Amino acid sequence: MIRLCAEGTRAEFEGRKEDARELYRQAWAICKDDYDACVAAHYVARFQDTPEEAMSWNREALVRARRVDDERVRSFYPSLYVNLGRSHELLGNREEAEHFYRLAAELGLEHRPDV
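The letter at position 8 of the sequence shown is residue 51 when you use the numbering used here, and the numbering goes up by one with no holes.
Keep in mind the hints are simulated off the structure, nothing from the lab. Since the structure is predicted, the reported quantities are computational estimates derived from the model, not experimental observations. All C-beta atoms, glycine included, are put in the ideal place defined by N, C-alpha and C. Possibly wrong hints are sitting among the right ones.
[Claimed, not checked] What follows is a set of in silico ranges between Cβ atoms, one per label pair, in the way DEER data are often shown:
#	residue 1	residue 2	range
1	138	46	35 to 45 Å
2	61	117	25 to 35 Å
3	137	76	26 to 36 Å
4	72	151	24 to 34 Å
5	141	74	23 to 33 Å
6	75	114	13 to 23 Å
7	145	59	30 to 40 Å
8	53	122	11 to 21 Å
9	134	155	13 to 23 Å
Based on the provided sequences and hints, a complete structural model is requested.
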């Protein structure tokens, strides 16, 4: 699963968006536990067609991280919170967006809106 996500990231940075989407989908399909699901959902969320779908996957990533609740996911929380904040922002939920941006900031990741 991690290898597929790494390959997906490489494809994404090379501009091969559809390849990245497929690799992340494959990673999700082979998840064996909540840790795998947390990581894969985080990446799958990046390639959804609607803000609602992205929100659903971002929520799934956070739910799975909370189920793991150990050192493997602790450093992942800031990114999960920023992504949830962005999903809320895109859906017009400004208060919820700010809540998640604050959580990320408390863990050291300041959200910087697109300029």
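**Message:** For each hint given before, does the structure comply? Return the numbers of the non-compliant ones in rising order.
**Reply:** none
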